[in-house]
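A.B. asks: Input sequences plus hints: build the corresponding full structure.
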Amino acid sequence: MKTPDPLENQDTRRLRLFLYLVPVLGFFPALWTLYRGQRDEPEQAVSRVAVILAFGWLFGYTLLNAGAPESDLWAIRLLITNSFLTSGYFLLSIWLMVRIWQRQTVELPSFNRLGKRVLK
Numbered sequence: 012m013k014t015p016d017p018l019e020n021q022d023t024r025r026l027r028l029f030l031y032l033v034p035v036l037g038f039f040p041a042l043w044t045l046y047r048g049q050r051d052e053p054e055q056a057v058s059r060v061a062v063i064l065a066f067g068w069l070f071g072y073t074l075l076n077a078g079a080p081e082s083d084l085w086a087i088r089l090l091i092t093n094s095f096l097t098s099g100y101f102l103l104s105i106w107l108m109v110r111i112w113q114r115q116t117v118e119l120p121s122f123n124r125l126g127k128r129v130l131k
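Numbering (our numbering), first residue to last: 12 to 131.
Worth flagging that the hints you see were computed from the coordinates, not collected in a lab.
Treat each hint with caution, since some may be false.
As the list claims (entries may be wrong) - Pair ranges (Cβ atoms, derived):
| id | residue 1 | residue 2 | range |
| --- | --- | --- | --- |
| 1 | F29 | E52 | 11 to 21 Å |
| 2 | D83 | L119 | 14 to 24 Å |
| 3 | W43 | A77 | 21 to 31 Å |
| 4 | T73 | E118 | 22 to 32 Å |
| 5 | L36 | R124 | 23 to 33 Å |
| 6 | L84 | W43 | 34 to 44 Å |
| 7 | E52 | L102 | 42 to 52 Å |
| 8 | Q113 | N76 | 32 to 42 Å |
C-beta atoms are modelled at their ideal positions from N, C-alpha and C, and glycine is treated no differently.
C.D. replies: Here's what the structure looks like:
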């Protein structure tokens with residue numbers, strides 16, 4: 012684990028945290044941060060949350076879109092559920108960005124535990 016550089020600008024660090032939480036696109040820099048493992052613990056925690064959220068959204072989005080054309084009765088219900096899932100993912104990402112902007116921690120207990128188990 013890398014200790015934070017005292018000469019590093021805190022605004023640059025917060026900008027990186029914002030980048031990790033950008034829906035869909037922030038997944039790639041967050042995954043790269045976890046892969047490299049060169050950042051401090053709070054930054055890796057935000058990266059884990061971003062990756063778990065993106066994987067969860069992609070998994071749900073794929074399953075709901077795959078099931079919609081197969082059933083005439085359930086098609087509209089699955090597509091509406093898919094839109095709620097996508098809206099929730101975007102709103103949760105924006106809420107986490109606001110918490111970073113307010114200099115609060117980004118803690119989602121179940122996501123943090125899952126992220127530590129899966130993304131070591």
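A.B. asks: If a hint holds in the structure, say so; if it does not, say that too.
C.D. replies: Verification of the hints:
1. F29 with E52: 11 to 21 Å: This hint holds: roughly 18 Å between Cβ atoms.
2. D83 with L119: 14 to 24 Å: violated (37 Å)
3. W43 with A77: 21 to 31 Å: holds (29 Å)
4. T73 with E118: 22 to 32 Å: holds (28 Å)
5. L36 with R124: 23 to 33 Å: Because 26 Å falls inside the window, the suggested range holds.
6. L84 with W43: 34 to 44 Å: holds (43 Å)
7. E52 with L102: 42 to 52 Å: 26 Å Cβ-Cβ, so the 42 to 52 Å window is violated.
8. Q113 with N76: 32 to 42 Å: Given range 32 to 42 Å: holds, Cβ gap about 35 Å.
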